[in-house]
Each structure stands twice: as C-alpha cells, then as structure tokens.
Amino acid sequence: MMKRKGITIFRWAALMVSFIFLLYGANFMGSKINWVKLPVFSCALSPSGGVDSICKTIVDVEEWFLGINMIPSLIGIGVFLLLIILFGRLFCGYVCPFGFVQELLSSVRKKLRLPSFKIPLKVKPYFTTVKWIMVIGFLLGIGYCDLCPVRYVMLPLAGMVSGSDFIGIFLAALILGLAFFNERIFCRICPIGALAGIFNSRSLARIKKKGVACTHCRACLEVCPMEIKEIYEEREKTDLTKQECIYCMKCIEICPEETALSFELCKKNILVSKRHRR
Amino acid sequence: MSEIYEERQRERYKRNVVKMAGSSLSQIDETAVSPVDISYFIGRLESIFVGLEDKENNAKIGMYCAMAPEEFVYALGFTPLKLCGNHPTATLAGEDHAPRDSCPVVKASVGFQSMNIIPMFDNLKAVIIPGSCDGKKKAAEILSQYVPIIPIPIYMSKDDDGFELLVETYYGLIATLEHITGRKMTASRLKKACVEISRASKEAYKLYEYLKSDKAVISGTQVMSVMSSYAYDDPGRWATEVKKLNKALAKVQPNSSKRKRKKPRIIIAGSPIGFPHFKIPYLLETLGAQIVTDESCLAGRLLYDPVLPDNYSLDGMVRALAARYVAPCTCPTFIEMEDRFCRLEQEKDITNADGIIYHVLRGCIPYDFELLYIEKWAEKHGIPVLRVETDFSTEDYEPLKIRLEAFIEMLERR
Numbered sequence: 001m002m003k004r005k006g007i008t009i010f011r012w013a014a015l016m017v018s019f020i021f022l023l024y025g026a027n028f029m030g031s032k033i034n035w036v037k038l039p040v041f042s043c044a045l046s047p048s049g050g051v052d053s054i055c056k057t058i059v060d061v062e063e064w065f066l067g068i069n070m071i072p073s074l075i076g077i078g079v080f081l082l083l084i085i086l087f088g089r090l091f092c093g094y095v096c097p098f099g100f101v102q103e104l105l106s107s108v109r110k111k112l113r114l115p116s117f118k119i120p121l122k123v124k125p126y127f128t129t130v131k132w133i134m135v136i137g138f139l140l141g142i143g144y145c146d147l148c149p150v151r152y153v154m155l156p157l158a159g160m161v162s163g164s165d166f167i168g169i170f171l172a173a174l175i176l177g178l179a180f181f182n183e184r185i186f187c188r189i190c191p192i193g194a195l196a197g198i199f200n201s202r203s204l205a206r207i208k209k210k211g212v213a214c215t216h217c218r219a220c221l222e223v224c225p226m227e228i229k230e231i232y233e234e235r236e237k238t239d240l241t242k243q244e245c246i247y248c249m250k251c252i253e254i255c256p257e258e259t260a261l262s263f264e265l266c267k268k269n270i271l272v273s274k275r276h277r278r
Numbered sequence: 001m002s003e004i005y006e007e008r009q010r011e012r013y014k015r016n017v018v019k020m021a022g023s024s025l026s027q028i029d030e031t032a033v034s035p036v037d038i039s040y041f042i043g044r045l046e047s048i049f050v051g052l053e054d055k056e057n058n059a060k061i062g063m064y065c066a067m068a069p070e071e072f073v074y075a076l077g078f079t080p081l082k083l084c085g086n087h088p089t090a091t092l093a094g095e096d097h098a099p100r101d102s103c104p105v106v107k108a109s110v111g112f113q114s115m116n117i118i119p120m121f122d123n124l125k126a127v128i129i130p131g132s133c134d135g136k137k138k139a140a141e142i143l144s145q146y147v148p149i150i151p152i153p154i155y156m157s158k159d160d161d162g163f164e165l166l167v168e169t170y171y172g173l174i175a176t177l178e179h180i181t182g183r184k185m186t187a188s189r190l191k192k193a194c195v196e197i198s199r200a201s202k203e204a205y206k207l208y209e210y211l212k213s214d215k216a217v218i219s220g221t222q223v224m225s226v227m228s229s230y231a232y233d234d235p236g237r238w239a240t241e242v243k244k245l246n247k248a249l250a251k252v253q254p255n256s257s258k259r260k261r262k263k264p265r266i267i268i269a270g271s272p273i274g275f276p277h278f279k280i281p282y283l284l285e286t287l288g289a290q291i292v293t294d295e296s297c298l299a300g301r302l303l304y305d306p307v308l309p310d311n312y313s314l315d316g317m318v319r320a321l322a323a324r325y326v327a328p329c330t331c332p333t334f335i336e337m338e339d340r341f342c343r344l345e346q347e348k349d350i351t352n353a354d355g356i357i358y359h360v361l362r363g364c365i366p367y368d369f370e371l372l373y374i375e376k377w378a379e380k381h382g383i384p385v386l387r388v389e390t391d392f393s394t395e396d397y398e399p400l401k402i403r404l405e406a407f408i409e410m411l412e413r414r
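Line by line, the protein sequences are chains S and W. Numbers 1 to 278, taken from this note's numbering, label the letters of the first sequence in order. Numbers 1 to 414, taken from this note's numbering, label the letters of the second sequence in order.
Just so you know, the hints here were simulated from the structure itself, not pulled from any lab data. All C-beta atoms, glycine included, are put in the ideal place defined by N, C-alpha and C. Please note: incorrect hints may appear among the correct ones.
Claimed, not checked - Among the chain W residues that face chain S by a calculated CB cut under 10 Å, a handful are: (1) K158; (2) D160; (3) K191; (4) K202; (5) D305; (6) D310; (7) L314; (8) A323; (9) V326; (10) A327; (11) T330; (12) E336; (13) E345; (14) I350.
Claimed, not checked - Chain W is faced by these chain S residues, among others (derived, beta-carbon under 7 Å): (15) G67; (16) K110; (17) R113; (18) L114; (19) P115; (20) L121; (21) V130; (22) V212; (23) A213; (24) T215; (25) H216; (26) C217; (27) A219; (28) E222; (29) I254.
Isolated chain S, as found in the complex (with noise of 0.2 Å):
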C-alpha cells in the first residue's frame, strides 16, 4: 500500500505557509510587497495580503498604466514573467492558495472515503477550449474581476466582504463543490496556470520517465490531479512535462517501478521513484 512521505509532507508546509503569508501576511507585516507579482491566484483585491498576484494587475491594465504605480506594476510583471519562464507552473503545486484550498477540500472527500468524481472522457476535451477562452477573458480583462471565483472564496477567507454578484457567488460555490469531488478542479481551467503551463515545455523544472522501466500499472495516473495522460501512455519520450503539470510528483511518488519516473530541477535529479518494500 502506498506511503506518503517527504515530498508531500514538503508541499503541504509550502501550501500552508505560502497561504497564511498570501492571506494574512501583510496584517504582519505592515504592508505589501508590491514589486512582485506572483503567477498565482491570491486576491489583489485583499489588502492584508503580503504579496499581490499577478492577476489584477493584468486584468485592470488602465488602473497603472501611465499612472503613478506604473514602475513597481512593470517590475511585478517583469518578475511574474522570469517566475514563470524559470520554473513553469512549479507555483501552482506549491504556493497557490487557491490550490490549497481545493487540494483541502478534497483531502476531507477522501478522509471521508466518499467516491470521486471523475470527469467523463466526453466532456474532457471541452476544458482545454473553457481554458484558452478564460485566458482571453483575462488578459483582455472584460469583467472578470466581479466573475472571478477565487475572489469570492478568498476575500471572505481574508475576512473581507467580496461584493454580492450574483453569478459570481454561484460560479465559487459550483467550483467548490466540485473541487470536492475532484481534487483541483479549477486548476484545469486556471487562466494564470495556462499561462505558466506555456513555459512548462522548456522550464527548469522537469518531469522525467524511463519508458522501459514503466509497467503501465496506471497508478501515477490514478494519482494525478490534473489527470495527464501521457505520464502513463507515454513510453518513447523521455520528457514528459506536460502544460498541465502542476509538479505535484504524486506520480513519482506512487510510481512502484525503480528509476521508472524521477523529477530534474536545474538538471539535478531531486526525486526517483523506488518500490516501497513495507
């Protein structure tokens, strides 16, 4: 049976802390740190956030532009641009408040030992196109502030009043109960996460598999949140950092085979996978 251990125990402290500090941190601090602006879902809106993410700045583009917050906002984006090309959707797995809420939400489903809910082969496809048309919402930044789900879940989370659009209550409370039944579900359909998923091709960190090693047990893809295909079909590439991938290493993880899968970051291998043998 599976055991898991370091890496996830890693994350979750990452999450954690990431979400206190994203949340709370600036009611600590005294005040934002307003150069970065990281490739994440935290709501700007929020002012005891310590950090902003990116998505305010890019969905009101007239607020700053020409105005007198122009230089620090064209350095957020500047730092939201090198996060994003060094190290693809890395921060999505790991620093995401919003992912760790969800992720939260569906570790009390599976504590509770109720069934997933698995989306169905038909209906796949069309979160690809939900997601490219959420990215063309965003960056030309029609509106999508008072629909944005996160904010309705976050600024309440930050002890804030969030506004009462009604569409938008409904869309956060559809994403959350579906993030129940299905771990990061909102994460398939991330503006901000297929943008970072843009540079996963080519980014610093890497997932690897040795195609000869892999049985074709299924369990990494079982495991996989974002339910990459490729991690368990795939057998002649030896990258397979795929735009959706998260780098969550639950496939590594659970993978049962020696050296089938491992995790390259900055060309040093961090992680292998290796049979559990008690």
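Guided by the hints, dock chain W onto chain S, whose structure is given.
What follows is chain W alone, placed relative to chain S:
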C-alpha cells in the same frame, strides 16, 4: 454397470493425480542450491494433491485467471483460491468436455471439476471466471455444470475506455459477490483485504529479488512452487510464511559446488507454469542453468503488481484494483504487445540474463502469436530465445531434455 465403470475410472484418476503430483514434488528439492527449508509450501501442495485433504475450514471462492481480483473475495471473508489446473491427469479428464486442441490449462481446469477427487476444489461458493481468452470463455459454460460461475468480461484494449468499462465491471462483480455471499462490501473491509494481500505481494517481490541476485540461494523451481502454493493458501498466512523464508534466505549459505564456470542465467517467459507442471524449470536447473525470473501468471507475475489507491474510499480502491489487475498485465490476450517487450527488456537488464526460454502450452494461441515478434525483439537485443512447445504430459520429457541441454551448452559457449 456404468456406475461401477465410473467408480473405477475415478479411482484410476485419483491414483494418477497422486502419482504425478508426488513425483513432481519430490523433484523440487533436487534443484536446491542451499539447505533452505521450504517444507511449509511443499507440505501445502502435498496435502492437497497427494494427501487429498482439505485443511481450509473457511468457505472458499475460486478464480480461474490472474485477472480476477481476489481482494473482493478476501474482503467478504472468503478464502480466494486460484484454481487453474496444470495437472496432466486433469487434462485427460478434461478432454471429455473440451476439444482436443484447446489449451491444457482449460482442459485441466474443467477436468478437475468433472473428476471431483480433490476435496479442496469441492464446496466452492462460486468461481469467478474472467473472459480473458477464448478458452476461459468457453470453459465458463462447461464449469457451470459443476459450480456456480461468475463470468466477468476483460476488455481487449487497456486504453481509457476499456479501463472505465472494467471499473464498472468490477462494481458489478462486487454486487454479485454480495448477493451470493449475503455479506456487504465496505471500504474498511476492502482496505483490510488490500493491506493483507499487499503483504503477500511485498514478500513475493523480496523472494524474487533473492532469486534474481548474483549468488541466489534458492532455485527457480523452488520459488515457483512457493508461488504455486499461494493459489491454495490463505494470503495472510502465506505472507507470514514467506516472510520467514525471506529471513532464512538472508542468512543461509549456498551449497558448495564443483562448477568452474558460471551457470547460464535464464528467464522463463510465455504461457503459465504452475504446480505440478514443473518439468521445464526442473530440467533447466538440473541440467546446470539458473532460472533468474519468470513471466508466468501463476508464479512471477501473480503478485508482482502492487495495489496503489489514490484514496481509501471504496471507489478509489476499486479503481486501483482494476488498474492493478489489468493495466500492467503482460498477457498476450490484449491488443497491445508493447508492455510485454518492455517488461522482458527490463527483466533482462535487471537480471543480467543470458537466454530466454519461451514456453508455449500447446493450444495457447495468444502466446504463440507473439513468438515471431519476441524472436525479432531478442535478435535486436542480442539475447537467444528457445521456443518450447509442450503440454502437461511427461511424454516429451526426453526430447525436451535434449533440446534444453543443447540450449544451455550453447549459452555456456557464448
């Protein structure tokens, strides 16, 4: 008149079953390479096939393929038995019910039920028969004359569609088992069963690590008989015994040998090999080769794959079981062959093998289909393959011996 005839025929079957099983059992220890003790496992097989006893008091549910999930049976409080027959006498008896050209496993499986002489195979609550190949599908109908059957479909491809269908099938199997046994499946029962059987799986993995090592202190024939005894034992009890065996293997020293050259290391691939059909491993090891691993679904593949659920809800475990039993299965009944080649290549690299014996049971067509491609693959990887077509009878013993001897000699000279 016919009653007397039937009674006499039954007595004759009984005599032959005992004789064959006994001679096969006595051969196992001839292959020993160290004084390690496997008498518990030999004793289990002996009591069933020679003593004709049934020491298992618990109610039993049988299974006729490695793709039937025993965790379900175990979780409901029944003892799962793997009933695939490998006995030549049972094959003969089976020929009254199945065509001559069908595979000997099917004939022997049918034969054991129709002979009705092994008490262990009586009083089964039901048998689960996965429709993994044509032989099994047809056997289901014949077996239904003797025992309640639960046939389950196995889908031809291992892709997503096939997998989701299989998950549904497994849910159906649970419902059927609940109906037959009158007990309810719960997540905690299934988890307990999974944990218990994974103990057996882990110990089997360690046992094979000892076999694969450079200085193996246990012979392949011995390991295969240990694995064969799993089919008729309580998984938990078996795991405890193998744990003891593994501990003993860590300490034991190999017998002194006068050999100058290294024994050629051989992988047995192909059709299943189970007790008492041990003539190939026995001949190989008495002729001076060393079996390093096997691909038989009654031995090396039986417990190789672990159950790895995402979560311990009933749903999570059923999905994990569907994945464990079918997704990595190297049975050639599926339309994808790649898994087998990768598995063989990996085993070849890990064990540092010198040659492969490709065992084809006469009539086991799916395995025979792949031989051509296995030979091409082997040529590419520079490893010799010998195809051995045989059945459970001992008639071809001598010609087989000559062929295997020549193969071993060829490997030694390479």
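Hint check results:
Using the Cβ-Cβ criterion of 10 Å, the hint placing K158/W at the interface with chain S is satisfied: the shortest such distance is roughly 7 Å. Interface restraint check for D160/W: the shortest CB-CB distance to chain S comes to about 6 Å, inside 10 Å, so the restraint holds. Evaluation of the K191/W hint against chain S yields a held restraint, the C-beta minimum of about 8 Å falling below 10 Å. With 10 Å as the threshold, the beta carbon of K202/W comes within range of chain S, its nearest partner Cβ sitting at about 6 Å, so the hint holds.
For D305/W, the interface hint holds, since its Cβ comes within 10 Å of a Cβ in chain S; the closest pair sits about 6 Å apart. About 5 Å separates the beta-carbon of D310/W from the nearest beta-carbon of chain S, less than 10 Å, and the hint is met. Hint status for L314/W: holds, given a least beta-carbon distance of 7 Å to chain S, under 10 Å. A cut of 10 Å between beta carbons decides the hint on A323/W: the least distance to chain S is about 4 Å, and the hint holds.
The interface hint given for V326/W holds, since its Cβ lies 9 Å from the closest Cβ of chain S, which is under the 10 Å cut-off. At a threshold of 10 Å, the smallest CB-CB gap from A327/W to chain S is about 4 Å, leaving the interface hint in force. Given the 10 Å rule on beta carbons, the hint for T330/W holds: about 8 Å separates it from the nearest Cβ of chain S. Look at E336/W: its Cβ gets to within about 8 Å of chain S, closer than 10 Å, so that hint holds up.
At its closest, the beta carbon of E345/W sits 5 Å from a beta carbon of chain S; the interface hint therefore holds under the 10 Å criterion. This hint holds: I350/W has a C-beta 8 Å from the nearest C-beta of chain S, less than the 10 Å allowed. Nearest Cβ of chain W to the Cβ of G67/S: about 48 Å, over the 7 Å cut. The hint is violated. At about 4 Å, the closest approach between the beta carbon of K110/S and any beta carbon in chain W falls short of 7 Å, and the interface hint on this residue holds.
Among the interface hints, the one on R113/S holds; its C-beta lies about 4 Å from the nearest C-beta in chain W, closer than the 7 Å criterion. Taking 7 Å as the C-beta contact cut-off toward chain W, the hint placing L114/S at the interface holds, the least distance being around 6 Å. For the restraint placing P115/S at the interface with chain W, the shortest Cβ-Cβ distance is roughly 3 Å, inside the 7 Å limit, so the hint holds. Annotation: L121/S was flagged as interfacial toward chain W, and the flag holds, the nearest CB pair being 6 Å apart, inside 7 Å.
Taking 7 Å as the C-beta contact cut-off toward chain W, the hint placing V130/S at the interface is violated, the least distance being around 20 Å. The interface hint given for V212/S is met, as the beta carbon of that residue sits about 5 Å from the closest beta carbon of chain W, less than 7 Å. About 6 Å separates the beta-carbon of A213/S from the nearest beta-carbon of chain W, less than 7 Å, and the hint is met. Taking 7 Å as the C-beta contact cut-off toward chain W, the hint placing T215/S at the interface holds, the least distance being around 4 Å.
Below 7 Å, beta-carbon pairs count as interface contacts, and H216/S has one with chain W at about 5 Å; its hint therefore holds. Checking C217/S against chain W: minimum C-beta separation of about 4 Å stays under 7 Å; hint holds. At its closest, the beta carbon of A219/S sits 4 Å from a beta carbon of chain W; the interface hint therefore holds under the 7 Å criterion. Proximity of E222/S to chain W holds as hinted, the smallest CB-CB distance being about 5 Å (cut-off 7 Å).
The closest approach between the C-beta of I254/S and any C-beta of chain W is roughly 5 Å, which is under the 7 Å cut-off, so the hint is satisfied.
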